[in-house]
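J.: Chain by chain, the residues run as shown.
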Amino acid sequence: MTTPPILLANALTQINPGLVIWTIVTFVVLLVLLRRFAWGPILSMIEDREVGIRESLEAADRQRAEAQRMIEEHHAALELARKDAAEMVKRAQEEVELARVEALDKAKAEAAELIASARAQIEAEQKKAFSEVKVVAVDLAMAAASKLIEASMDEAQQRRLVQDYLDQLDPASGA
Amino acid sequence: MNLMLQGPPIRARATSLMALLLSLSLLAPTLAAADAPGGPEESEQPTFTEALWTFVLDAPYLPIPWPTETLTRNIPLEDAFGKLEFEVAGINVDMTPTKHTVFLWLSALLCVLLFIPARRKYDKQGVPSSKGANFIEALVLFVRDEMAIANIGRKEGPRYVPFLLTAFFLILFMNLLSLVPYGAAATGNLAVTGALALMTFVMTQIAGMRAHGPVGYWAGLVPSGVPWFLYPIMVPIEIMALFTKPFALTVRLFANMTAGKVVIFSLIGLIFLFESVVVSPISVAFTLFILVLKLFVSFLQAFVFTMLSSLFIGMASHAH
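Respectively, the protein sequence lines represent chains A and B.
Going by numbering that gives the first Met the number 0, the first residue of the first sequence is number 0, and it counts up by one from there.
Going by numbering that gives the first Met the number 0, the first residue of the second sequence is number 0, and it counts up by one from there.
Isolated chain B, as found in the complex (with noise of 0.2 Å):
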């Protein structure tokens, strides 16, 4: 309170208020981890490096505003959705939702509300009537031409534009979701950005065997003219270059949200760690500098697992 006293003038201090409100909003379902049923049971302060990992990895509980001292509720989600775990072969899956899914589901949801509406926003001619149906019109030709068209080829792409709308909807949702306060990133979870290119991997080997046929497909996949002595070297490395290019899809979209949202904690991290309200306007700064970039790279990441998807498909659906 003393450090408010001394402080600097008015209009740092109301930066700094609003540091600290943003911080708190931020912060707060971190905060609150401590009270959670899953979280640790001493209602003891998290450690700094505790706090990150609360606010950056999945988590059994949705943390909602409440107007409690911590500003946060974490709801059990095990409690709203029960217990969904079962064993397939020996392996123990547990189906309960988590923090992520629940995001996941909301990116979904979002995707449902705006574009099946969508359709109904033609006029006869088939012309959007409201700027929203407008903009994703252009969204849509964007995916159509620039990706599915030009990377897989007039007369297959547009098969494939339903699947690359679907996938880069989903991940640019769930990437703006994690940037609203008691927002989580889906797509900064292995899980996600793995289940979402093993979708591409799938397509890609689809697309492959209805170019190609099931079998002229995987007979080519080594390329021709390679003499017959060099099928031991070629042969392992075009079956791990198949799986290369799911796992950068996998690692590309997870890194990047991750280290957003890493770099986002430590920067409003720095005024606690500091325990000075001084650091507050320095970090507010930077964290709106940092959300903006992050903005811009939630539809880069989309964008480019999009991209990246459609090349795939269109290199197995061409090939050779």
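Isolated chain A, as found in the complex (with noise of 0.2 Å):
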């Protein structure tokens, strides 16, 4: 006996109520189950990466920011370093230029006061050996004339005598 077609067709829109039940049945044990073993932690290690990822790129970030500032950083302090250098420098040579001139015009007024000191000690040897020549000149006198008187001899002889005693001196009186 065949089931007229009509049948069958009607059969295609017709609910199995225990097929209905075993796909609900087989649905939410399926969910259950890949929710737990299989979509929780797939999902969970998706959004742990996906942290990890933002949190890296973040801190890249933050580092290339921190990295930028402490070049910026160390490039002005090699300016203010160069800086401070040539100023140190500059400042160096004033001084070695202000030392010398000082040490040349200390050198020079001290040369010149030893000029000045010596020409006076000069002046003051030559005024005492004057003294000393002209005491004992009056010396030299007084005795050729006490030698004179003593003698009592004529103009010639006296002359004479006055001019050997001033030649046998002579060496001596350069003194």
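It should be emphasised that the hints constitute simulated quantities derived from the structure, not laboratory data.
Heads up, a few of these hints could be off.
As the list claims (entries may be wrong) - Listed next, the stretches of chain A that the computed footprint assigns to chain B, with coverage defined by at least 3 CB atoms under 8 Å from CB atoms of chain B:
id : segment
1  : 9-23
2  : 28-35
What the hints assert, rightly or not - Negatives, chain B to chain A, calculated, CB over 10 Å:
id : residue
3  : V160
4  : G212
5  : V262
6  : V278
To be verified - The following label-pair restraints were derived from C-beta to C-beta distances:
id : chain 1 : residue 1 : chain 2 : residue 2 : range
7  : B       : F134      : A       : E71       : 14 to 22 Å
8  : B       : I63       : A       : E54       : 47 to 55 Å
9  : A       : Q13       : B       : Q124      : 48 to 56 Å
10 : A       : E54       : B       : R153      : 12 to 20 Å
11 : B       : R153      : A       : E71       : 34 to 42 Å
12 : A       : R61       : B       : V291      : 46 to 54 Å
Remember, predicted model here, so these are calculated numbers, not experimental data.
We treat Cβ as the ideally placed atom computed from N, Cα and C, and that holds for glycine.
Using the hints, put the two standalone chains together into the complex.
T.: Spelled out as structure tokens, the structure:
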């Protein structure tokens, strides 16, 4: 006995309640299983990875900014150091120049002073020598005179005598 | 046989032979239906229409490849699982597994076997270490970002990702299993698609009540700013809208999968209808085209079902 086709076509739209229940049961069991053992772990791993990537990117950004800042700081410090060094060199040069000029002036002054004092000393020595020579000359004249008186010789003799004496003394008188 | 002798040249004959093999493998379970315990009593050849419905409809037996005349053996599922029949409130419910129930379970089994090991394919940094895990992750990310987050929102969306993923893959595998010889389209059954749409309906209501509170959700079904005298019209319309959504889901999936089956059967059936092997190259070419199209439709319908589910959940949780 064959079933009329129209009844079979009707079967296409017939709903088997058993299959509905099986589908619901299967779906719910599968959902629970996969949620617990597949989707949950996979999704959480994906999320962890995404968070990790986002954090690494942020950290990288932060570090780059930090590095940039440090480079700029270093540049500024270097510039400052260079300027300081230049200034120091300049100041040192100025100081050296100043010291040189000062030393030169001092040396010149000292030399002048030395010359002046030498000159004064020479003058003083000269004066002293002159006065000593004068004293000696007076002494000698007086000694000669006394000799003249003692001997009471004629003028010629006296003159010779004085002359002799003077000649005799001559090398010593230069002292 | 004399058809073969006066038939087309060698090459076309080889194609015809392939066509015969393919048509036999696709239709073998159908031809064997005559011997099935649930089938017609007499062992006469089934009519074309009967064969079509055997190809499309659910059955109480499971056809498997067997080296007999019809290349098929029908395993009565009642013998394998026992009769599971009971009465609830006067309605007789037959829970005995059918062909479509078995394919529903096969699809669920595929999901379990494919996705549960996938989580072990991740290394310490949480990066998938195999191509399979990578592919699964691409699909998971697509469902999460393009469906859940895009339609439901960044805050509430991720909560529904497991539901959407389960629905997507269960439907996809049921669709794909219908393309395999001896396979049946479980999604070409209103009971299956209806139950799946019911799951979406339940999820939608839960999402709405979660977002607005049980009272707020039902009160918010009628758009605010509607004059009171329109309520007699608006309330039935909104309640109807509530049920048309899952109804559309049910029928869309069912119709798509059934239509594919009918077209494939009809194309292969042309060979038998004309009783000529000359038709087979055309039949096979078109069947191949339809099969490839169905491969695409399998993905598309799984996507559409899941996409619309996420859209409905999103509408319920935003609303107003």
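J.: Determine whether the Cβ-Cβ distance between Q13 (chain A) and Q124 (chain B) falls within the hinted range of 48 to 56 Å.
T.: About 53 Å separates the Cβ atoms of Q13 (chain A) and Q124 (chain B), which means 48 to 56 Å holds.
J.: Could you say whether the range 46 to 54 Å given as a hint is met by the Cβ separation of R61 (chain A) and V291 (chain B)?
T.: holds (52 Å)
J.: Against chain B, does the segment 28-35 of chain A show at least 3 residues with beta-carbon separation below 8 Å?
T.: holds (count 6)
J.: May I ask you to check that V278 (chain B) keeps its beta-carbon over 10 Å from the closest beta-carbon of chain A?
T.: holds (23 Å)
J.: Could you see if the CB distance from E54 (chain A) to R153 (chain B) stays within 12 to 20 Å?
T.: holds (18 Å)
J.: For V160 (chain B), is the shortest CB-to-CB distance to chain A above 10 Å, so the non-interface label stands?
T.: violated (6 Å)
J.: The segment 9-23 of chain A covered by chain B? Criterion: 3 or more residues, Cβ-Cβ distance below 8 Å.
T.: holds (count 14)
J.: Over 10 Å to the closest beta carbon of chain A is the bar; see if V262 (chain B) clears it.
T.: holds (15 Å)
J.: Can we trust that G212 (chain B) is non-interface, i.e. its beta-carbon lies farther than 10 Å from all of chain A?
T.: holds (25 Å)
J.: A range of 14 to 22 Å was offered for this pair. Does it hold for the Cβ distance of F134 (chain B) and E71 (chain A)?
T.: Taking Cβ atoms as reference, F134 (chain B) and E71 (chain A) lie about 47 Å apart, which means the hint is violated.
J.: Does the Cβ pair I63 (chain B), E54 (chain A) satisfy 47 to 55 Å?
T.: About 54 Å separates the Cβ atoms of I63 (chain B) and E54 (chain A), which means 47 to 55 Å holds.
J.: So the hint says 34 to 42 Å: do the beta-carbon atoms of R153 (chain B) and E71 (chain A) match that?
T.: holds (38 Å)
Hint check: violations occur at hints 3, 7; the rest are consistent with the structure.
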